[in-house]
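There are 6 protein chains.
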Amino acid sequence: MPKSIAAFGEVMMRLQVPGYKLLSQGSTLNYSFSGTGVNVTAALARFGHTGLLVSTLPENPIGDAALSYLQKLGITTSFIRRDGKYVGMYVLENGFGARPSRVTYTNRLESSFNTAAEGTYDFNAIVKQVDIVHFCGITLAMNDTVRHLMKTLAKAVKENGGTIVFDCNYRPSLWGEAGYIKAKPHYEEMLQLADIVMMNEMDAQFVLNLKTEKNDRSEQLKELIPIVAKTYNISVIAGTHRTINGDNTHSLQGFIFKNQAFHFSKTLSFSVYDRIGAGDAYSSGIIHGEMEGFPPEKTVEFAAAAGMLAHTIAGDTPMSTEKDILRAMTESVGDIER
Amino acid sequence: MPKSIAAFGEVMMRLQVPGYKLLSQGSTLNYSFSGTGVNVTAALARFGHTGLLVSTLPENPIGDAALSYLQKLGITTSFIRRDGKYVGMYVLENGFGARPSRVTYTNRLESSFNTAAEGTYDFNAIVKQVDIVHFCGITLAMNDTVRHLMKTLAKAVKENGGTIVFDCNYRPSLWGEAGYIKAKPHYEEMLQLADIVMMNEMDAQFVLNLKTEKNDRSEQLKELIPIVAKTYNISVIAGTHRTINGDNTHSLQGFIFKNQAFHFSKTLSFSVYDRIGAGDAYSSGIIHGEMEGFPPEKTVEFAAAAGMLAHTIAGDTPMSTEKDILRAMTESVGDIER
Amino acid sequence: MPKSIAAFGEVMMRLQVPGYKLLSQGSTLNYSFSGTGVNVTAALARFGHTGLLVSTLPENPIGDAALSYLQKLGITTSFIRRDGKYVGMYVLENGFGARPSRVTYTNRLESSFNTAAEGTYDFNAIVKQVDIVHFCGITLAMNDTVRHLMKTLAKAVKENGGTIVFDCNYRPSLWGEAGYIKAKPHYEEMLQLADIVMMNEMDAQFVLNLKTEKNDRSEQLKELIPIVAKTYNISVIAGTHRTINGDNTHSLQGFIFKNQAFHFSKTLSFSVYDRIGAGDAYSSGIIHGEMEGFPPEKTVEFAAAAGMLAHTIAGDTPMSTEKDILRAMTESVGDIER
Amino acid sequence: MPKSIAAFGEVMMRLQVPGYKLLSQGSTLNYSFSGTGVNVTAALARFGHTGLLVSTLPENPIGDAALSYLQKLGITTSFIRRDGKYVGMYVLENGFGARPSRVTYTNRLESSFNTAAEGTYDFNAIVKQVDIVHFCGITLAMNDTVRHLMKTLAKAVKENGGTIVFDCNYRPSLWGEAGYIKAKPHYEEMLQLADIVMMNEMDAQFVLNLKTEKNDRSEQLKELIPIVAKTYNISVIAGTHRTINGDNTHSLQGFIFKNQAFHFSKTLSFSVYDRIGAGDAYSSGIIHGEMEGFPPEKTVEFAAAAGMLAHTIAGDTPMSTEKDILRAMTESVGDIER
Amino acid sequence: MPKSIAAFGEVMMRLQVPGYKLLSQGSTLNYSFSGTGVNVTAALARFGHTGLLVSTLPENPIGDAALSYLQKLGITTSFIRRDGKYVGMYVLENGFGARPSRVTYTNRLESSFNTAAEGTYDFNAIVKQVDIVHFCGITLAMNDTVRHLMKTLAKAVKENGGTIVFDCNYRPSLWGEAGYIKAKPHYEEMLQLADIVMMNEMDAQFVLNLKTEKNDRSEQLKELIPIVAKTYNISVIAGTHRTINGDNTHSLQGFIFKNQAFHFSKTLSFSVYDRIGAGDAYSSGIIHGEMEGFPPEKTVEFAAAAGMLAHTIAGDTPMSTEKDILRAMTESVGDIER
Amino acid sequence: MPKSIAAFGEVMMRLQVPGYKLLSQGSTLNYSFSGTGVNVTAALARFGHTGLLVSTLPENPIGDAALSYLQKLGITTSFIRRDGKYVGMYVLENGFGARPSRVTYTNRLESSFNTAAEGTYDFNAIVKQVDIVHFCGITLAMNDTVRHLMKTLAKAVKENGGTIVFDCNYRPSLWGEAGYIKAKPHYEEMLQLADIVMMNEMDAQFVLNLKTEKNDRSEQLKELIPIVAKTYNISVIAGTHRTINGDNTHSLQGFIFKNQAFHFSKTLSFSVYDRIGAGDAYSSGIIHGEMEGFPPEKTVEFAAAAGMLAHTIAGDTPMSTEKDILRAMTESVGDIER
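Residue numbers (UniProt numbering), protein chains in the order written: chain Y, 1 to 338; chain L, 1 to 338; chain A, 1 to 338; chain F, 1 to 338; chain E, 1 to 338; chain C, 1 to 338.
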């Protein structure tokens with residue numbers, strides 16, 4: 001049964017140099033609008049749910065363009081405020097083979113979302129209308145006001161009986177020096193509120209400062225994730241292990257930890273067209289599986305396939321339907337569909 | 001010695017989303033004009049023969065554009081009638097890795113070609129001017145009038161001493177439910193007229209309803225093709241086996257059955273840029289080999305290399321010369337030619 | 001106060017040759033989705049109303065792309081059914097100066113909208129949710145089923161107390177030979193139901209077969225429009241007179257006839273970037289003025305300015321806000337806004 | 001009745017900076033292939049005649065691309081030799097308003113056409129197959145071998161009873177210093193052979209060194225053209241007067257002098273999209289009128305309208321049909337054709 | 001004799017929606033880098049001088065791209081520091097006819113240039129190497145540190161015997177509320193240092209708060225500019241009057257006030273391709289004329305023609321050579337240059 | 001410590017068909033300017049040195065565009081003369097998988113560089129300003145005047161105490177029939193002057209006609225290179241062995257021979273985006289290592305990584321910084337940098 005899912009997060013403008021040129025070689029940029037919240041709500045809207053974004057965009061042509069773009073993705077925009085002055089931007093230069101992709105940010109801290117004041121969102125209206133709210137660690141890294149808004153909304157959801165999804169998504173460059181120490185209390189606060197958490201053993205060790213004697217990351221995972229689930233009383237923890245292979249393909253294996261048990265997806269290996277946002281596709285798959293009541297072993301395969309397909313789609317935002325993903329779970333790559 | 005080869009078939013407008021976007025993500029389309037008859041006559045024109053298309057295009061800007069495009073490909077257009085209202089179209093969304101390509105058709109049944117009435121083509125003039133005529137199973141799937149025109153032309157060619165090529169090319173989506181049963185009598189009629197036939201063991205089993213105890217497709221091929229050749233009195237039967245590999249490369253092996261003997265090409269493995277129309281390149285290679293009097297073991301290698309190269313060419317229509325193909329048969333992939 | 005406005009009409013795919021090439025010269029097309037109903041509801045959504053489209057799109061990638069495009073325009077798509085097989089298309093070649101633009105249609109009669117059966121739309125739900133429904137003469141030209149659906153919906157709106165807008169929009173090529181005679185009874189039926197009608201003296205003479213001794217079109221207008229309003233009991237009749245000037249600029253004067261009085265806008269002269277759909281912008285301006293309770297002399301100026309601006313916007317669909325139009329009504333063209 | 005018309009001339013590759021950038025600002029070029037002979041034969045092919053080009057192209061990918069392009073234009077390419085090494089090229093930067101367009105040539109003297117040796121073309125075969133041959137002053141400016149080939153072909157046409165068209169087309173930059181003195185004997189030789197000549201009073205004064213006391217160019221024309229016609233025994237002389245107006249539109253008036261009488265077209269004023277090759281459209285109109293037996297007053301209007309429309313078409317080569325031109329002669333610019 | 005001219009100013013990234021789409025309609029942007037200082041030094045470099053920019057760019061791919069772009073323009077970049085984090089950006093949507101262009105800025109106050117600290121530039125080295133330094137009112141609007149740096153550099157130039165150019169360039173949106181009052185003391189400080197000033201009667205009235213009884217702007221100019229020159233001891237004051245005509249052409253008349261006398265250029269009327277930066281072309285013309293010792297009546301015609309041509313060039317930055325401008329001063333618009 | 005490095009060589013215009021179309025299929029070209037000297041000086045400028053090109057470009061828009069492009073690459077252009085008429089050009093059609101790339105040249109022998117007369121360059125000024133001059137075998141293949149200029153400059157460098165780099169770069173198509181015999185004396189003359197030489201065992205055998213009994217190319221290398229070094233008194237000889245693998249990746253191993261010892265890099269395997277110019281990246285790495293005083297085992301790894309990265313960069317010219325290359329030497333391919 002379709003649900004109402006909101007995400008709280010920033011909309012960013014992605015400026016991508018076409019093909020494999022560097023910014024200093026080109027003269028045109030492809031633009032689109034994305035962000036973790038955008039990606040997750042768009043993906044869930046494509047699965048048949050109502051995906052609402054809670055965010056702020058300026059009342060100017062850039063804000064108008066962002067809004068149109070979100071509408072095109074099928075996102076319900078009734079909770080998007082128009083205020084402030086700017087939209088955060090980033091420039092993406094595609095890597096090729098031995099040359100990695102590069103992302104260069106403009107000043108996102110002055111964006112409409114990150115300068116929205118306390119009390120500007122009507123959280124009461126939001127929590128009444130939605131079943132689930134998604135938050136992420138990128139938003140948590142912004143500033144005190146945003147963090148406070150985020151926690152306030154999370155508490156309101158909790159009190160209203162809604163489900164909270166939290167994607168740890170720790171980005172070192174956003175937290176700066178001594179970032180783990182700064183981040184830890186905020187992460188802990190969110191984890192205590194969360195029902196479904198996206199993370200892996202790296203987050204457990206670096207952000208939560210848990211210790212392990214194990215060297216193998218699978219073993220670290222199996223040791224640490226149950227501790228996190230127990231400590232913060234989390235129903236579902238899910239995440240992935242990614243490997244970048246010598247031939248530039250990536251391999252991805254998903255896990256889900258629920259009811260004291262781990263379930264792992266097959267390890268999928270695939271060519272990568274556009275890597276950004278693929279983690280959000282995985283999260284969306286987990287959320288969809290949980291909302292639809294899939295058994296966890298199906299949920300994790302579904303999420304992994306959703307993640308794999310998102311690597312083959314242009315842009316940050318997943319575009320696959322449930323049917324596309326179910327087929328990718330069962331069939332080998334086929335010839336042209338006609 | 002160059003020959004005159006006609007093909008009877010529809011010209012379609014191909015609308016391709018550039019790069020790897022979905023139609024719902026993009027805003028531009030690349031267009032070109034193709035079709036099995038277009039591809040085969042263009043390929044043969046590039047080998048030095050005269051390639052004539054027998055078809056109908058509307059007297060409007062889309063028809064004009066199609067005609068210009070065929071001229072550019074080197075096709076002789078003197079047998080193309082201008083009549084009717086529409087050109088069939090299809091939208092192509094390129095797949096990437098784990099995500100397959102998708103083809104979406106517009107209503108081709110109302111096209112100029114498919115609504116051309118009995119008696120509108122001057123078949124007498126055509127058969128006097130050409131040595132060979134190519135037909136295909138896609139045309140056979142259209143409607144009764146088209147089928148009747150097709151068979152009438154084939155009989156006229158036969159009576160005039162010309163050679164008939166028939167490519168089985170069974171497309172399930174065109175025949176609809178119980179398609180094999182509907183198709184069988186029409187296929188049998190064409191096979192009885194044909195001298196050179198493109199097919200493999202799948203067509204023999206599904207379209208002609210032949211039975212085999214074998215499970216391996218090579219063994220099925222070796223059992224069934226001689227039966228078909230004998231039953232319908234066909235001089236040459238040729239076709240391919242295609243495998244899609246885990247790393248998204250394709251492998252192709254061609255066969256030719258002639259004078260009671262099979263000849264197989266090497267199995268070629270290669271990266272794929274544009275798969276559509278590659279089967280027509282293989283057919284063109286077989287026709288060229290037969291017309292030039294190549295020994296069958298050379299013909300099948302030539303056709304397989306022609307098919308392989310067609311996968312590396314943008315658009316449906318093969319663009320390789322005889323020289324390009326002969327080089328690809330003997331040399332490994334080289335550095336830049338300069 | 002924002003209203004809910006629905007339009008009943010077909011969504012078409014516009015395939016435009018970029019720049020000033022002919023289709024036979026180019027290799028790419030820009031695509032978008034439009035139609036009178038699309039244009040009117042999108043324009044009204046941009047004015048702050050809820051614009052709903054009542055239509056049918058196929059469940060395939062072309063239908064998906066159309067739906068995304070409508071969402072991007074801000075159209076509420078909850079009354080769009082997914083059924084049938086095709087989307088009507090047209091190719092647009094831009095004219096330049098002495099060379100006129102050309103539009104070439106594909107077979108729209110097989111489209112999802114034009115093949116939707118009786119009883120497929122939930123007209124009850126629609127009429128309950130909307131204040132106004134817009135219909136147009138293009139839809140009326142399609143076929144008997146579509147005409148019947150259109151009239152059924154119009155009657156239901158009427159019975160439910162809603163307002164009916166009818167845009168005469170007679171297209172000779174759609175009605176074929178003896179078109180005026182075929183069209184007249186259907187137009188009369190719609191006029192009898194309509195509250196607000198878009199037409200001018202040409203429609204009165206040719207479609208409704210009214211006679212006048214006058215030669216000047218303004219005088220014809222002043223004589224015939226009051227007769228039409230009276231005969232069919234229409235509250236508001238509005239329309240335009242267009243002149244194409246020697247320097248390729250267009251001049252446009254709008255009129256509105258309401259409460260037995262004519263009001264004319266200033267004659268606006270302007271350069272034209274994209275002419276298609278500008279009539280729908282004018283209609284939207286009239287509807288907005290009526291809904292907002294503008295005095296008719298303001299409504300007609302607003303509609304004319306909306307029409308003028310739509311000629312400066314890429315694509316069929318108007319993109320101007322109320323603020324943009326109000327400024328264009330009062331200010332001369334200014335320097336860059338920064 | 002359709003005729004066979006050949007032109008003898010070079011095929012050049014046009015490299016155009018898109019939009020209004022300078023070459024030093026851009027990064028892409030649009031390419032096409034043209035030349036006076038290409039333009040004239042393509043225009044006449046579009047009018048229903050057989051247009052054959054007599055030229056030479058290299059056996060390499062640039063030559064292949066040129067050949068494909070000529071085929072697309074509908075030119076019959078059976079008299080195009082494949083030999084030599086290069087294709088002449090020119091870069092076009094579009095002007096805008098007060099900034100003129102610029103053309104920069106690469107080294108055309110080393111082109112396949114300009115290095116073709118004596119005796120390489122089968123002029124006997126050509127003159128037997130064609131009714132008319134077109135030559136132009138640009139070819140005459142190349143080098144001695146080309147000039148000799150040109151005159152040899154012209155004499156062969158003459159002897160065979162064919163018609164010779166000669167377009168004076170004097171280009172100062174090609175003849176260099178003291179160009180008029182160098183050029184005069186060659187022009188006189190061609191004029192003595194020619195039946196239809198494209199020129200105006202400028203050519204008469206500067207190339208043929210005729211003197212006049214008149215200051216007005218119309219009066220100069222009326223005095224000098226009859227002298228030229230008589231001196232060289234020319235049946236038809238035609239040409240144009242062009243004015244560039246302050247608003248960047250151009251005005252064009254055509255004339256034809258035949259049977260001792262002048263006929264002038266209306267003066268046409270129009271916006272210009274692509275000026276290059278418009279003179280060839282005018283020539284093609286004169287040739288078509290003469291071949292079809294139009295009265296000269298119709299021929300000159302047809303040619304002027306053909307010239308006008310060529311300014312609205314992308315690329316050097318005219319694309320209008322006879323029907324397009326006849327309509328432009330009688331109708332004012334209309335609204336969209338749909 | 002070529003001079004060394006530096007400009008002190010910000011480099012901005014211009015993101016332009018191609019053609020005439022709105023940002024909410026498009027998917028690609030053209031990018032370039034500009035700014036008043038960039039435009040002036042690039043224009044002067046094209047006239048044969050050494051043009052140096054004094055600015056700061058971040059050490060990241062956006063800064064690298066900006067630097068490459070400036071090098072391409074011929075700007076000497078040895079005084080460009082690499083520091084800070086951001087480049088200011090603006091989005092440009094081209095207007096068409098009745099629809100004005102729109103510029104939307106991102107947060108330029110956080111740019112590398114606007115966050116550069118006191119003492120970071122080596123002003124000593126700069127003033128020793130240059131003859132002239134250009135400043136503008138946009139820079140003056142930024143913040144106190146930038147203003148202080150600007151004045152410090154100006155004073156150092158003065159002390160070193162260099163020439164100071166100051167372009168008033170008052171932008172209301174940058175100064176905010178009560179902007180004129182805030183701006184006045186800073187403008188006065190710069191005017192007291194300046195030798196050559198770009199301004200007109202608007203600046204005198206609004207920024208300097210001078211009063212006049214005259215209504216006509218020409219008369220206001222003639223009254224107020226001499227007062228300004230005298231008050232602040234300015235050698236040369238120059239500026240323009242612009243009119244936007246009904247047919248979307250612009251008219252421009254330049255003036256120069258020097259040695260107590262006014263000189264006016266012809267009023268030039270022209271079509272506009274890209275208006276931004278044309279004022280900087282005018283300034284560059286004035287500076288060039290002064291540096292070369294042109295008589296003022298030639299300087300003002302040169303500057304006006306430079307300004308006119310800059311409207312026909314893509315991008316903010318003037319690209320015309322001295323030769324281009326001299327020709328535009330004397331010749332009417334000609335046919336293609338070839 | 002940064003050095004001044006000049007290269008003597010031609011600037012060519014590269015015209016690349018975008019994507020994987022053939023020239024006969026496309027309509028646009030991407031253009032850029034390159035050449036061995038361009039690539040080497042640009043690469044070294046990116047490493048922090050001053051890279052000067054000694055060349056000639058025409059005083060026309062193509063020359064202007066080339067000059068702007070070189071400036072953009074960071075090349076110091078003060079030694080570029082403006083003279084002559086043409087720029088050499090080549091068309092590049094990208095291969096795909098089994099279909100090799102094709103390069104087609106226009107007539108470069110008439111280029112400004114190749115027609116520059118004796119005595120036109122101010123070699124005295126050049127040698128005083130630079131530490132190192134780079135020459136290559138492509139220049140040596142042009143004509144006697146160019147060869148003489150090249151040797152004259154090399155001798156002047158030598159006399160002035162500068163370092164000479166010579167890249168053998170033998171291109172069979174440029175030397176024509178009996179090319180090795182023609183080339184040998186010129187190569188020997190350059191080798192006698194050179195300090196650092198780029199070559200491998202193929203050059204030793206074919207150009208220098210050295211004999212070996214060995215069959216394996218590594219053994220041939222180890223036998224012949226020391227002989228060459230000794231014979232011509234060369235300090236450093238470096239080069240690569242390239243293998244094209246079945247999966248279209250390339251493998252590259254670099255070597256350096258210095259102080260009687262060989263050092264080999266790791267064999268690097270990688271995907272190839274743009275192969276042209278990668279050899280120049282390798283040379284630049286060797287030159288940089290030598291100038292910076294790297295130990296030879298680091299120099300050869302650095303050069304090999306520089307070569308590898310150049311295959312991943314669009315265009316002929318390397319764009320990597322020293323930091324990019326050092327990271328590629330030590331890290332495996334990573335995820336997005338953000």
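Fair warning: there could be bad hints in the mix.
Unchecked claim - Some chain C residues flagged as far from chain F (calculated, every beta-carbon gap over 12 Å):
(1) Asn124
(2) Glu223
(3) Ile227
Said to hold, decoys possible - Pairs of lysine-lysine residues, derived as PhoX-like cross-links and limited to a Cα-Cα distance of at most 20 Å, are as follows:
(4) L:Lys323 <-> C:Lys21
(5) L:Lys21 <-> Y:Lys323
(6) E:Lys155 <-> F:Lys21
(7) C:Lys258 <-> C:Lys323
(8) E:Lys323 <-> A:Lys323
(9) F:Lys21 <-> A:Lys21
In case anyone wonders, no lab produced these hints; they're calculated from the structure. None of these values were measured; they are calculated from a predicted model. Even for Gly, the Cβ is constructed at its ideal location relative to N, Cα and C.
Hints, one by one, checked against the model:
1. Asn124: Holds, since 31 Å exceeds 12 Å.
2. Glu223: Consistent with the label, Glu223 (chain C) stays out of reach of chain F, its closest Cβ about 39 Å off (over 12 Å).
3. Ile227: With a cut-off of 12 Å, Ile227 (chain C) remains clear of chain F, as the shortest Cβ separation is near 39 Å.
4. L:Lys323 <-> C:Lys21: holds, 19 Å
5. L:Lys21 <-> Y:Lys323: Cα-Cα ~19 Å, so holds.
6. E:Lys155 <-> F:Lys21: Status violated; Cα separation ~39 Å.
7. C:Lys258 <-> C:Lys323: Not satisfied, since the Cα-Cα distance of roughly 25 Å exceeds 20 Å.
8. E:Lys323 <-> A:Lys323: Violated: Lys323 (chain E) and Lys323 (chain A) sit about 46 Å apart, past 20 Å.
9. F:Lys21 <-> A:Lys21: Satisfied, since the Cα-Cα distance of roughly 19 Å is no more than 20 Å.
Of the numbered hints given earlier, the model fails hints 6, 7, 8; all others are met.
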